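Use the sequences and the hints to build the structure in full.
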Amino acid sequence: MSIEVRHISKTFGRFRVLRDVSLRVETGELVALLGPSGSGKTTLLRIIAGLEQPDPGSGPILFHDEDVADQRVGERRVGFVFQHYALFRHMTVFENVAFGLRVRPRRLRPSPTEIQQKVEKLLHLVQLDFLADRYPQQLSGGQRQRVALARALAMEPKVLLLDEPFGSLDARVRQELRSWLRRLHDEIRLTSLFVTHDQEEALELADRVVVMNEGKIEQIGTPDEVFHHPRTEFVACFLGQVNRFSGRLEQGKVHFASLEWEAPECALLESCPVHVFVRPHDLQVAVEPNGQPALGARVEYIHAAGPRVRLELRADTGQKLVAEITQEQYRTEQLTVGSRVFLSPQNIKVFPTQAED
Amino acid sequence: MVPLSRARQQVLPGFGLTLGLTLLYWSVLVFLPVAALVVQAAGIPWHQFVQTMAEPRVLAALGLSFGGSALAAGLDTIFGFWVAWVLVRYRFAGKRLLDALIDLPFALPTAVSGIALTSLYSRHGWVGQWLEPLGIEVAYSRLGVIMALMFIGLPFVVRTLQPALEALDPELEEAAACLGAGRWATLWRVILPTLGPALLTGFSLAFARAVGEYGTIVFISGNLPGKTEIAPLLIVVKLEQYDYAGAAAIAGVMLAAALLVLTIIHRLQSSYSFLRG
Chain A
1 MSIEVRHISK TFGRFRVLRD VSLRVETGEL VALLGPSGSG KTTLLRIIAG LEQPDPGSGP
61 ILFHDEDVAD QRVGERRVGF VFQHYALFRH MTVFENVAFG LRVRPRRLRP SPTEIQQKVE
121 KLLHLVQLDF LADRYPQQLS GGQRQRVALA RALAMEPKVL LLDEPFGSLD ARVRQELRSW
181 LRRLHDEIRL TSLFVTHDQE EALELADRVV VMNEGKIEQI GTPDEVFHHP RTEFVACFLG
241 QVNRFSGRLE QGKVHFASLE WEAPECALLE SCPVHVFVRP HDLQVAVEPN GQPALGARVE
301 YIHAAGPRVR LELRADTGQK LVAEITQEQY RTEQLTVGSR VFLSPQNIKV FPTQAED
Chain B
1 MVPLSRARQQ VLPGFGLTLG LTLLYWSVLV FLPVAALVVQ AAGIPWHQFV QTMAEPRVLA
61 ALGLSFGGSA LAAGLDTIFG FWVAWVLVRY RFAGKRLLDA LIDLPFALPT AVSGIALTSL
121 YSRHGWVGQW LEPLGIEVAY SRLGVIMALM FIGLPFVVRT LQPALEALDP ELEEAAACLG
181 AGRWATLWRV ILPTLGPALL TGFSLAFARA VGEYGTIVFI SGNLPGKTEI APLLIVVKLE
241 QYDYAGAAAI AGVMLAAALL VLTIIHRLQS SYSFLRG
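Residue numbers (our numbering), protein chains in the order written: chain A, 1 to 357; chain B, 1 to 277.
These are calculated hints, taken from the structure and not from any lab test.
Please read all numbers here as calculations on a predicted model, not as lab measurements.
Cβ coordinates follow ideal geometry from the N, Cα and C atoms, glycine included.
Keep in mind that the hints are not guaranteed to be accurate.
Claimed, not checked - Selected chain A positions facing chain B (in silico; Cβ < 8 Å):
id : residue
1  : F12
2  : A49
3  : L51
4  : G74
5  : V78
6  : F80
7  : H84
8  : F88
9  : H90
10 : F99
11 : R104
12 : R151
13 : L169
14 : V173
15 : L177
Unchecked claim - Calculated from the model, a selection of chain A residues having no Cβ within reach of chain B, i.e. all distances over 10 Å:
id : residue
16 : R6
17 : T27
18 : A69
19 : S111
20 : R340
21 : N347
Here you go:
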């Protein structure tokens, strides 16, 4: 079951939360809506679910190419998972999961035995069969979120929508639940859309990532595409750390910070000021000049705890930069705070500067 | 060796002092009068106690006091939920005024509200004159008693439910809606059970207040023995007839019954305790 929205806008008072957003999620896909808070991602999710109404004049909301914009929440058959679980605290885990079946109109309601079997199957799927008689308050955060998921799946939803599903869990549980959800999705293949502000989560979990900012979609692509080929400055900045330089584009060459860089992809553009982005791991660090064009810098801080060593540097131009090197290089080159190094970019992204900058 | 007293020092100081004051306060204000009553009632010879309690007038008064209070508290719980819902969920002109007026029965001298209700609902009152042709008699009837009890009990329910409703996560209702529940199913299966403890507290406060109410009722009920006479009034009547033993007997029974009811409610309440977390 695919999800498609066209030209959706939403205004709260005078605040425009969504500006003409269009998006298509293919059947069986797991797609992340990624953006900072206030980017409109949760609102978009709630509009798809039917929990919010888009502004008049917005386009259709299509589930499997059928317009559901006029259907109420309950009729759309969306499984919605809330950040804070929203479990019914006066019901046991079993009753929570059974809720969607028990409230069906009598002629559609499964028999008690069928409900029993279905709920048991779902609790087994989310690996919580042994907690069926507990109350939500007696569970850990990760367990509660899995109950919420089982509850959403019980009504056999057409699509699954998750609002910051791991938002209120601690780092380790988050990591576990993330890979668990990925496996579950591969198993049940339900079209799913989840909201997150955690770029790592989006890149790791999703088939495709929708990067949102200020009510607009900045880029849609596979995790690989959005990370390695950001289409806008915002995407480049939001997905991981970057070093940003101001420079100039002239005749297909980018000049920035005393360096010159061939930029064939910009060959057709006229001369203009540009911003140049270099990711920390794309800054090659050398203790002696090695013939490549390089920037002089001094090491200010070293963060060595982690799989890679992060260096905070001060370039000769006075700009602060961040570079990442391997633990191995860190040991062989014997870098210390104050060491003088030469930085040569390996890979750059060039964005013409917008007029308002 | 660490001195014992240091080892036992608590992070939160003043336990001894505050508990002592609490007990003193409670003893002077609550325990002593109640104990005096128990002693008084216990001194009545058994046959005299039975004789008093067997009087149809006494039984009727006790029945009206407890039955009427339970009915009034039940109705208050329904209307109080309604009022609290409107006050919490919607924004409308005059909301703050309405909110402030809720407390009025708390502050009004009971005699004033009793007289006001009576004059409204009596045969010639503003409302009563329209009800009389329909055969509905409010003042000087049991209906009037229930009405007055509802009047004084309503604020307890509203004020108990308001914070509970405000704390009710709207996501619960959204979750229910997503799962296909209509508004009615959401109300019955999600909202009301979640508010259970608050509803129960509101009910028991309204009930307790109604059982002990005197001032409002004596005006509106007409005090017809065996019909609209409430137990607290009957106690006063017995005292005026110098029947101290009879008064103490009724009072003792009221105390025991009130304790029993409140204990049951408390037990119900604590069965919810595992839901908090």
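Do the hints match the structure? See the list:
Restraint check, F12 of chain A versus chain B: the minimum CB separation of about 15 Å is more than 8 Å; hint violated. Contact between A49 of chain A and chain B, as hinted, is supported at the beta carbon level, the nearest pair being about 6 Å apart and thus within 8 Å. Of the supplied interface hints, the one on L51 of chain A holds, with its beta-carbon coming within about 5 Å of a beta-carbon of chain B, less than 8 Å. Restraint check, G74 of chain A versus chain B: the minimum CB separation of about 4 Å is within 8 Å; hint holds.
For V78 of chain A, the interface hint holds, since its Cβ comes within 8 Å of a Cβ in chain B; the closest pair sits about 6 Å apart. A hinted interface residue such as F80 of chain A counts as satisfied when its beta carbon comes closer than 8 Å to some beta carbon of chain B; here the least separation is about 4 Å, so the hint holds. Annotation: interface hint on H84 of chain A holds; nearest CB of chain B at approximately 6 Å, less than 8 Å. For the restraint placing F88 of chain A at the interface with chain B, the shortest Cβ-Cβ distance is roughly 6 Å, inside the 8 Å limit, so the hint holds.
Given hint, H90 of chain A at the interface with chain B, holds; its Cβ is 4 Å from that chain's nearest Cβ, closer than 8 Å. A cut of 8 Å between beta carbons decides the hint on F99 of chain A: the least distance to chain B is about 6 Å, and the hint holds. The beta carbon of R104 of chain A comes within 6 Å of a beta carbon in chain B, closer than 8 Å, and the hint placing it at the interface holds. Nearest Cβ of chain B to the Cβ of R151 of chain A: about 7 Å, under the 8 Å cut. The hint holds.
Interface restraint check for L169 of chain A: the shortest CB-CB distance to chain B comes to about 17 Å, outside 8 Å, so the restraint is violated. Of the supplied interface hints, the one on V173 of chain A is violated, with its beta-carbon coming no nearer than about 18 Å to a beta-carbon of chain B, more than 8 Å. Taking 8 Å as the C-beta contact cut-off toward chain B, the hint placing L177 of chain A at the interface is violated, the least distance being around 19 Å. For R6 of chain A, the requirement that its beta carbon stay farther than 10 Å from each beta carbon of chain B is met, with the minimum near 23 Å.
The Cβ of T27 of chain A sits about 21 Å from the closest Cβ of chain B, beyond the 10 Å cut-off, so the non-interface label holds. With a least beta-carbon separation of about 16 Å from chain B, A69 of chain A lies farther than 10 Å from that chain, consistent with its non-interface assignment. A cut-off of 10 Å between C-beta atoms confirms that S111 of chain A is not in contact with chain B; the least separation is 17 Å. At roughly 54 Å, the least C-beta separation between R340 of chain A and chain B is larger than 10 Å, which holds for a residue marked as non-interface.
Listed as a non-interface residue, N347 of chain A keeps its Cβ farther than 10 Å from every Cβ of chain B; the least gap is roughly 44 Å.
Hints 1, 13, 14 and 15 from the earlier list are contradicted by this structure; the remaining hints agree with it.
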